[in-house]
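Sequences and hints are given; from them, build the entire structure.
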Amino acid sequence: MRLGSPGLLFLLFSSLRADTQEKEVRAMVGSDVELSCACPEGSRFDLNDVYVYWQTSESKTVVTYHIPQNSSLENVDSRYRNRALMSPAGMLRGDFSLRLFNVTPQDEQKFHCLVLSQSLGFQEVLSVEVTLHVAANFSVPVVSAPHSPSQDELTFTCTSINGYPRPNVYWINKTDNSLLDQALQNDTVFLNMRGLYDVVSVLRIARTPSVNIGCCIENVLLQQNLTVGSQTGKVPAPAC
25 MRLGSPGLLF LLFSSLRADT QEKEVRAMVG SDVELSCACP EGSRFDLNDV
75 YVYWQTSESK TVVTYHIPQN SSLENVDSRY RNRALMSPAG MLRGDFSLRL
125 FNVTPQDEQK FHCLVLSQSL GFQEVLSVEV TLHVAANFSV PVVSAPHSPS
175 QDELTFTCTS INGYPRPNVY WINKTDNSLL DQALQNDTVF LNMRGLYDVV
225 SVLRIARTPS VNIGCCIENV LLQQNLTVGS QTGKVPAPAC
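Going letter by letter, the sequence shown gives residues 25 to 264 in the numbering used here.
Please keep in mind that the hints were generated in silico from the structure rather than gathered at the bench. Be aware that a few hints might be false.
[Claimed, not checked] Estimated spans, in silico, between C-beta atoms of each pair:
id : residue 1 : residue 2 : range
1  : ARG103    : ILE185    : 23 to 33 Å
2  : ASP101    : SER67     : 26 to 36 Å
3  : LEU109    : ARG231    : 58 to 68 Å
4  : SER141    : LYS47     : 20 to 30 Å
5  : ARG117    : ASN216    : 35 to 45 Å
6  : LEU245    : PHE125    : 16 to 26 Å
7  : GLY114    : THR85     : 18 to 28 Å
Values in this document were obtained by computation on a predicted structure and should not be read as measured data. Ideal Cβ placement from N, Cα and C applies to all residues, glycine included.
Here's what the structure looks like:
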């Protein structure tokens, strides 16, 4: 096997995990994000000497790589082809960061960057693991007007779509802003065709002469709460 072959690099990469830096970054679905992997400022590298490799930490999916005098990226997984790039000019300065375009929910995982020096006997120069957290804003909840399946009960439905990660759903008594017992609600949360979450929550409460109910969709990652009342249409209210 040639020293410059992708196969050797993959083998070396799989066995080198010591002294790995750990970082975290957050990105919105559809945006571009940079996964940082860089040596101290002032570093200089010869691109004919360094081997750079990015892969996912758990599944070992090949994201992108740099091999001296080998421009082929045939081993890159199809999910990352033309979406994951490194800057040659940046690599000369020791910046091996990955630019990932058009982030999807499936990109939420750990990525590993490894830099090796051929002149040093394929010694590890840099190893960084970056955890990518992905988020998407939920739509403003839509709360249905109450209807009465029986004389003693009122039913409300709250719907919100296209968010990420999985939401928390709360129903609120807006008279005193207290949370209603979650045993009164039935939540259906599922992934849609875009890989984002849709949620439908049904609340059943005892009939009362005056009702002022709110539905809150919480996105923990974005620290975001969207609240809509049964009497306020689609206008967001203060956070729950």
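Here is how each hint holds up against the structure:
1. Distance hint check for ARG103 and ILE185: the Cβ-Cβ separation is about 24 Å, which falls inside the suggested range of 23 to 33 Å.
2. The hint said 26 to 36 Å for the Cβ distance between ASP101 and SER67, and at roughly 29 Å that hint holds.
3. The given range of 58 to 68 Å is respected by LEU109 and ARG231, whose C-beta atoms sit roughly 60 Å from each other.
4. Between SER141 and LYS47 the beta carbons are some 22 Å apart, a value that agrees with the proposed interval 20 to 30 Å.
5. Checking the proposed 35 to 45 Å range against ARG117 and ASN216 shows it holds: the Cβ atoms sit about 42 Å from each other.
6. Between LEU245 and PHE125 the Cβ separation comes to about 21 Å, which falls inside the hinted range of 16 to 26 Å.
7. Separation of GLY114 from THR85 is about 23 Å and conforms to the stated range, judged on CB atoms against 18 to 28 Å.
When each numbered hint is compared with the structure, no violation occurs for any of them.
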